[in-house]
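These protein sequence lines map, in sequence, to chains A and B.
Residue numbering for the first sequence follows the working numbering, beginning at 1 and increasing consecutively.
Residue numbering for the second sequence follows the working numbering, beginning at 1 and increasing consecutively.
These are calculated hints, taken from the structure and not from any lab test.
Everything numeric in this text was worked out from a predicted model, so none of it was measured.
Accuracy of the hints is not assured; some may be wrong.
[Stated by the list, open to error] Distance windows between CB atoms, simulated:
hint, chain 1, residue 1, chain 2, residue 2, range
1, A, GLY229, B, ARG257, 21 to 31 angstroms
2, A, TRP26, B, ASP121, 51 to 61 angstroms
3, A, GLY229, B, ALA228, 46 to 56 angstroms
4, A, ALA169, B, GLU122, 31 to 41 angstroms
Glycine included, every Cβ here is placed at the ideal spot set by N, Cα and C.
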Amino acid sequence: MGFFADLGRWFLENWSGDAGWLVRIWQHVEVSAVAVVAAVLVALPLGAWLGHTGRGGLAVVSVVNIGRAMPSFGILALALPFTIWLADTVWFIDNGLGFAPTFVALFALALPPVFTNTWAGIRGVDPEIVEAARGMGFTGRRLLRDVEFPLALPVILTGVRVTAVQVVATATLGALVGYGGLGRYIIDGFATQDDVRIVAGALLVAALSVLTEAMFSLVERRVVSPGLGIERQTTVPTPETRFRNGEHPEAVLS
Amino acid sequence: MPEPMISLEGVTKVFPGSAAPAVDNLTLEVAAGEVAVLVGHSGCGKTTTLKMINRLIDPTSGRITVAGEDVMTVPAPELRRRIGYVIQQIGLFPHRTIADNIATVPRLLGWDRTRIDERTDELIALVDLDPALRNRYPRELSGGQRQRAGVARALAADPPVLLMDEPFGAVDPIVRSRLQDELLDLQRRLHKTIVLVTHDIDEAIKLGDRVAILQVGGVLAQHDSPAAILRDPAGPFVEEFLGSDRGIKRLSLMPIRDVPLEPGPVVSRAADPEEARAAMARYGVDWFGILDDGNLEGWAWAADLEQGPIASLPARSFRVRLGYDDSLRDALDTVITSHTGVAPVFDGERFVGMLTAEAISRELAR
Ligand SMILES: Nc1ncnc2c1ncn2[C@@H]1O[C@H](COP(=O)(O)OP(=O)(O)OP(=O)(O)O)[C@@H](O)[C@H]1O
Ligand SMILES: [Mg+2]
């Protein structure tokens, strides 16, 4: 009982100020959001265009494999010297610690799943519908914008949602390279053997993840055409799971 | 012959990686306002032929013109917006409402909103679609409704040419038959040039002004009117393709109007019983029809004559009646299922005569 009382008291006493959880949540959300938005801005147009033209099958597999082989912790470790070097050379980055390496790591984490889902989503659009569209006079960009993209949207958004949740969870590691965010409580809690602080930080990260998931689900329901009868996918259909589901490799990778 | 709306001259398609051509040296002309049906077994190159017309597939060699223009000289998207394209229900965009689906080509052509809205309403009425379905999505429609929406979409920009690939393949036989009738009805009003692909010979006979029968490899086996093909099949392949009920199929193309009818065992209200008995004897039946002022009122049994003068007999109504424009195939069914072996034929409300089973078989033998 004593522990829960302590936990409750912790939340009451630590909400305000520079190290309070309101600020920490904001920092956590800030770096996560910037990373996800940046990843979407890069990966979505690229994945959509490659999916549309049918090119880049090999690139997709490589990206997926690299993405999967790299632990976030490793990316962070690699990002740190890189961002420090950047801070020395690029005038508008003045701090190689904190935000920059955290952002780079999260961005690298977010890029592959957004890219592969977009690519696989576009490739997965029923070829008969695409041909019907061509038969009516749709061409390149218009076909992608008006037909392929809206039809692939459920898969694409699933990718973004799963990615965002993963990024929010991983942003915790930012504390290791001097960033704020909720990871601070956990890292500092370990350092001072303060169990209450560790658990409070973990709870906040968990809550933020759940909230992120819920928010993206809401967005999905709003922007996907009701005509598609949204079926929520719980896992990201990577090319690998599509192989396992019996699809021909050509269909997935060509 | 006036210049054809669509012409294929020595068109061949060999898909990369395959040795045999999918379509081999095909020459075919489709006149303006004609319904041309391409029919043949699965894989004989029907779809390939159709897609070469709107350039979804480019021919390996040969020339295709639409409205006198070589299709290879027109940018493909521009060409396609001038040609309506209907495929099985899958072709509707699932993420768009029915109205938006129908508005597809007008939007591509950059029409303004009001014009698109008006046209959409017009088309929904034209294909007899419930206006309440306007804002529904394709998955919320039945197969038949989707098909109508598909036709409406193809007609949206009023293209002179319509390509239809197995348009009724995905609906059940009853709906299919109704949709076929509706297409014929639509065509009587719109006079489009239609190329329709099917593997159903009955559909081809019913819909085609002319039918092109293709053999595997896209070889043209015969190209003629359905009646001519049924009368004179060009060789054993066509004969077999038409099936063993070729005679019955021919009947479906012959309207009753073209057959000499019998007056039948029919007498007027004023006639005396002897006249009625003589008429029945002539046809070997035990009933007679009653005419009142040229109107066929109904019929009575021979035994009814015992009850009094013909003028006062109650007329039983005919359970079967044929229209002057019904086909002999419809008539045959009616005639052989009526136990008397004859059926009255009407031109609107006017009685024009009786059709007998013998008359039908005499017609087939000609
Ligand atoms: N894109 C393609 N690449 C290679 N071969 C093809 C392609 N499309 C069609 N074929 C081949 O060309 C031949 C004709 O195909 P097509 O689709 O025109 O047949 P079809 O008459 O429409 O048959 P169905 O009635 O089954 O639709 C077939 O042997 C088919 O396998
Ligand atoms: Mg076909």
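Results of checking the hints against the structure:
Range check, GLY229/A to ARG257/B: Cβ separation about 51 angstroms, and the 21 to 31 angstroms hint is violated. A hinted range of 51 to 61 angstroms holds for the C-beta pair TRP26/A and ASP121/B, which are about 52 angstroms apart. Separated by about 49 angstroms at the C-beta atoms, GLY229/A and ALA228/B satisfy the suggested range of 46 to 56 angstroms. Remark: the range hint 31 to 41 angstroms for ALA169/A to GLU122/B is contradicted by a beta-carbon distance near 55 angstroms.
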